[in-house]
Amino acid sequence: MLGTLTLLLLCQLAGELAARLLHLPVPGPVLGMLLLFAGLLLRGGVPDTVQDTAGGLLRHLSLLFVPAGVGVMVHVTRLETEALPIVVALFGSTLFGIAVTAKLMAFLLSRTDPRLEEEPTVGEQAKGDRA
Amino acid sequence: MSADLHQIWVYLSASPLAGLTLTLVAYQIGLWVFEKLGRRPVLNPVLIAVVLIAGTLSLSGIDYRTYFDGAQFVHFLLGPATVALAIPLYNQFQEVRRSAVALVVALLVGSAASALSAVALVWAFGGSKATILSMAPKSVTSPIAMGVSEQIGGLPSLTAVFVIITGIVAASLGTWVLNLVRVKDWRARGFGMGVAAHGIGTARALQVNEVAGAFAGLGMGLNGLATALLLPTLYHLIWG
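Chains as they are written, first to last, in UniProt numbering: chain A, 1 to 131; chain B, 1 to 240.
Honestly, the hints are just simulated from the structure, not real lab data.
Since we're looking at a predicted model, the values are computed, not measured.
Careful, some of the hints might be misleading.
Distance condition first, Cα-Cα at most 25 Å in a straight line; then the derived DMTMM-like pairs of lysine to aspartate or glutamate [unchecked claim]:
(1) B/K129 x B/E150
(2) B/K184 x B/D69
(3) B/K129 x A/E82
(4) B/K129 x A/E80
(5) A/K103 x B/E210
(6) B/K184 x B/E210
(7) A/K103 x B/E95
(8) B/K36 x B/E210
Here are a few chain A residues that sit away from chain B, every Cβ distance over 10 Å (derived from the structure) [as the list claims (entries may be wrong)]:
(9) M1
(10) L2
(11) G3
(12) L17
(13) A18
(14) L21
(15) L22
(16) H23
(17) E80
(18) K103
Built from N, CA and C at the ideal position, the CB exists for glycine as well.
Assemble the whole structure, with the sequences as input and the hints as a guide.
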């Protein structure tokens, strides 16, 4: 567990450093994620301990948003005076965004999905896969 | 005696212990309610926790900044958790690779649809410019959204609130809207949740299905990248 946390923090730190040194507009943790992903590809597998600890952290991912959410207290006045546009925009755009993304993705998958033809099952090498 | 109690209260309300404990206890209560009442998505644990904590702070007169001194230890873990999303992504890599074209197209359209519809709706219903700019990056995970908000002249802390509410809306109503538009593919369902509603959408997708969870994590990461790169550029093109 400790090893995994160290690994995650090192990736994040490397990501933050890269973002700052190279003046990338991308946040450090996202670069850290790409870095860890590249590392896993090179290694060719996820060690069990990493799998477990990361799984534990991600199972409670929504907990991590609570402190920022309580920040709603600070903005009560603005939320009251602009309640209508804020509520309409948050509900409307979120549901619209989910629907558009998922519908388009499902449509594209049904058009291009090699699974509908004879293709290797998940986990095997898909050599003829150009996607 | 009451002087002692007062001393203890002063100590506790200023130390990080209280804010941290309050956060975990409130979230546990949220989870408990969520489980007890049949895992109804409307009873989102984040929503319950936020309401409980905001209520407790208001009643006891503790301000948000004092609370956050403790809660920041939880908040900080968002970074490592974002890095950890590489793992479900790796586990599903074969799936991801064969859907790459669909992913990229759906990402760009979905990301634009979320941001532009949000901005258009605030504008159409008479919101202020600060609210419009703070709203634009609300679909991506809070550290990214707050950074983008600052870059384009929004209020980062207001953006954080919009980010969380977006997640709660998606976690509560996402399943309903996905059924409404009749999307059955777990990859597409997860990806929609991740692109439009970042980590809370991803957490919800992970609860439902592992494949959906992996694609949600991917959608969240990719939209984080896309928004961080495209939104400031778009803003400078429009407003100079």
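Q. Which hint numbers does the structure go against, in order from smallest to largest?
A. Structure breaks hints 2 and 18.
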